[in-house]
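Could you slot chain D onto chain L? The hints should help.
Chain order of the listed sequences is L and D.
Counting in this note's numbering, the first sequence runs from 1 upward without gaps.
Counting in this note's numbering, the second sequence runs from 1001 upward without gaps.
Hint data in this document are derived by calculation from the structure and do not stem from the laboratory.
Ideal Cβ placement from N, Cα and C applies to all residues, glycine included.
Treat the hints loosely; a few may be bogus.
[Unchecked claim] Taking lysine-lysine and the DSSO-like style, the derived pairs with C-alpha atoms no more than 27 Å apart in a straight line are:
(1) D:LYS1085 - D:LYS1120
(2) D:LYS1120 - L:LYS287
(3) L:LYS108 - D:LYS1120
(4) D:LYS1130 - D:LYS1108
(5) D:LYS1132 - L:LYS14
(6) L:LYS108 - D:LYS1073
(7) L:LYS14 - D:LYS1108
(8) D:LYS1073 - L:LYS6
(9) L:LYS289 - D:LYS1090
(10) L:LYS6 - D:LYS1209
(11) L:LYS14 - D:LYS1085
(12) L:LYS241 - L:LYS37
(13) D:LYS1112 - L:LYS14
(14) L:LYS108 - D:LYS1030
(15) D:LYS1130 - L:LYS108
(16) D:LYS1112 - D:LYS1132
(17) L:LYS289 - D:LYS1030
(18) L:LYS6 - D:LYS1288
(19) L:LYS108 - D:LYS1251
(20) D:LYS1132 - L:LYS108
(21) D:LYS1073 - L:LYS287
(22) L:LYS14 - D:LYS1090
(23) L:LYS14 - D:LYS1110
(24) L:LYS289 - D:LYS1120
(25) D:LYS1030 - L:LYS6
(26) D:LYS1073 - D:LYS1030
(27) D:LYS1211 - D:LYS1181
(28) L:LYS108 - D:LYS1288
(29) L:LYS289 - D:LYS1212
(30) L:LYS289 - D:LYS1085
(31) L:LYS108 - D:LYS1085
[What the hints assert, rightly or not] Just a few of them, taken from the derived set where beta-carbon distance is under 8 Å, the chain L residues facing chain D:
(32) LYS11
(33) SER107
(34) GLN220
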Amino acid sequence: MIQLLKIEIFKIFKRPRTYIAFAVIALIIILIQVALKFGGKEYVGLMMSGMGDSFEEIPTKIILNGYLVCFVILNLLLIHIPILVALVSGDAIAGEANMGTLRLIASKPVSRIQLLIVKFAASVFYTMILLIWVAVLALFLSILLFGVNWLGVPRELQFNVMESDDVLWRYGLAFCFAAIGLICVASLAFMLSVFSDNSIGPIVTTVCVIIVFTILTQMQIPFYDETIKPYLFTTHMLGWKGFFYVKAVDGVTEKGSIENLSAILKSAAILIGYTAAFLGIAFWYFKRKNILS
Amino acid sequence: MSSIIDVRGLTKSFNEITAVDDLTFTVNEKGVYGFLGQNGAGKSTTIRMLLSLIRPTSGEIRIFGLDLSTHRKEILQRIGAIIEKPDLYKYLTAIENLNLFAAMSGLKLKRKQLMDKLEKVGLAERADSKIKTYSQGMKQRLGIAVALVHDPDLIILDEPMNGLDPQGIADIRQLINHLSKDQGKTVFISSHLLSEMEQVADSLLIIHKGKKIAEGRMNELLNPDQSRIELETRSAKELELLLKQTSWADKIISTNGQKIIMQMKREEVPVFIRQMAEMKQDIFSIHKKNSLEDYFLALTSH
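Just chain L, same shape as in the assembly:
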């Protein structure tokens, strides 16, 4: 099994297209960092507007530190990384069918279930490497460029403040949560890939699902809040933000606290449930699939 997994990972990282995602992420993150380095004051001003006079006196360089830059980047990117994840996961089986290699690997002495397990594990491996790449650039490079200080996270009617030594562990958990969300997207693309003989179909379908679901998630329409949003996996993918929402007593942040841990755990459980369902369908179908490509 390990040998098969090594083969799949080898195949993924031998394809030039694999590196497109890494290049795109690096480009976006560096562009955001450059923008905040040179136009951070305006951005912070915009962010702090309406937060009250007490915040206006705080110097920009305290607010605009590596932790905040990372939060801004994740806020922008975690919606779009799934699209890059779909590039590899959507290609996992359909790409083999398209190339004509699926019939060759499926006629080897490896069970179809084993084949699917290693294929999905390789997709997850790629997703994790991509996430680590995001973490290195968004968190560590930002810390290097902007330094560290307390983190202020704006919310609708409040501003959550965390001391600098109360932040890093939150990012650790946020990235773990993001991993669960991205694996869910990978499993959706992977499931669609099993049904197709051409990788364009599953990749485009996954991207469309993400775009439509994300629009629905972000729509401020009360009717959708209880009818549709709770069932969209994109809604729960935003759960990582919960690690930066803290409890406050008399306006003072409670160090090490998380405002609503049960909501985060519920979102994680729902994402895992979706992943299991997508994979269950993929395994059920692939075991019976007639390989005609």
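What follows is chain D alone, placed relative to chain L:
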């Protein structure tokens, strides 16, 4: 001689269409077994079922004496196959492709061993070139190296000569003969190149519209003591009706328009011609048809 492949009542239907219909055949150990049929006759579907790529609707497949549905892994461990064109990973080199498929069969080969295998198919010099730079013939040869990398007992080749130039076809023919005669492997090969099949196959299975229409050893099917003749007459159907009332009835193989194909002993041919003259039948032409192509067309053209 023990049987390697034993197929009983194999049927595959895709919705309303029956691609393979109650197919029964046996492939014995060693030798080259030719699998013939027109395009769409069900050859590739049958081969895919032998490799467990397609699930049969009904029927039983036993390979090496084991049931394919329950011993898939053990069976596939001992089979090497090319299914239609040998598509490999174009972004990998030949040696990477070979190593990858060897590993999928549970083998860990060193570069020297892989190079030896590439040498056998004449690709050692291009071992480190990416497949996308290969010609069709080179891809085909690499496909064969991939199929043979784990030293299988049974080799299944689906149209292995497709897209090859005459030299490439000759090389494949030589390789098949070498595998069968020198290494004692069993080769199950489908092809529409009948002249090539005539040269390499010891036994034949012919299917038409999913059904078996002939099976046997090549020298029995193309018996030189038996002459297959094609007669051109006014109406083959009328002549057929007439012959069915005579002792020649069981010599008829097929009829088509003005042509009727019959098989009889060589010494019976002049007797038959005299009798036709006595029966005042207009025979416009008579041809001897004893090649595999003639035999195949006689069976499948009606």
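Hint check results:
no. : hint                  : verdict
1   : D:LYS1085 - D:LYS1120 : 20 Å, holds
2   : D:LYS1120 - L:LYS287  : 36 Å, violated
3   : L:LYS108 - D:LYS1120  : 22 Å, holds
4   : D:LYS1130 - D:LYS1108 : 21 Å, holds
5   : D:LYS1132 - L:LYS14   : 14 Å, holds
6   : L:LYS108 - D:LYS1073  : 8 Å, holds
7   : L:LYS14 - D:LYS1108   : 20 Å, holds
8   : D:LYS1073 - L:LYS6    : 20 Å, holds
9   : L:LYS289 - D:LYS1090  : 25 Å, holds
10  : L:LYS6 - D:LYS1209    : 43 Å, violated
11  : L:LYS14 - D:LYS1085   : 23 Å, holds
12  : L:LYS241 - L:LYS37    : 24 Å, holds
13  : D:LYS1112 - L:LYS14   : 22 Å, holds
14  : L:LYS108 - D:LYS1030  : 22 Å, holds
15  : D:LYS1130 - L:LYS108  : 23 Å, holds
16  : D:LYS1112 - D:LYS1132 : 23 Å, holds
17  : L:LYS289 - D:LYS1030  : 32 Å, violated
18  : L:LYS6 - D:LYS1288    : 60 Å, violated
19  : L:LYS108 - D:LYS1251  : 46 Å, violated
20  : D:LYS1132 - L:LYS108  : 23 Å, holds
21  : D:LYS1073 - L:LYS287  : 14 Å, holds
22  : L:LYS14 - D:LYS1090   : 11 Å, holds
23  : L:LYS14 - D:LYS1110   : 20 Å, holds
24  : L:LYS289 - D:LYS1120  : 35 Å, violated
25  : D:LYS1030 - L:LYS6    : 36 Å, violated
26  : D:LYS1073 - D:LYS1030 : 22 Å, holds
27  : D:LYS1211 - D:LYS1181 : 30 Å, violated
28  : L:LYS108 - D:LYS1288  : 46 Å, violated
29  : L:LYS289 - D:LYS1212  : 26 Å, holds
30  : L:LYS289 - D:LYS1085  : 21 Å, holds
31  : L:LYS108 - D:LYS1085  : 17 Å, holds
32  : LYS11                 : 7 Å, holds
33  : SER107                : 4 Å, holds
34  : GLN220                : 46 Å, violated
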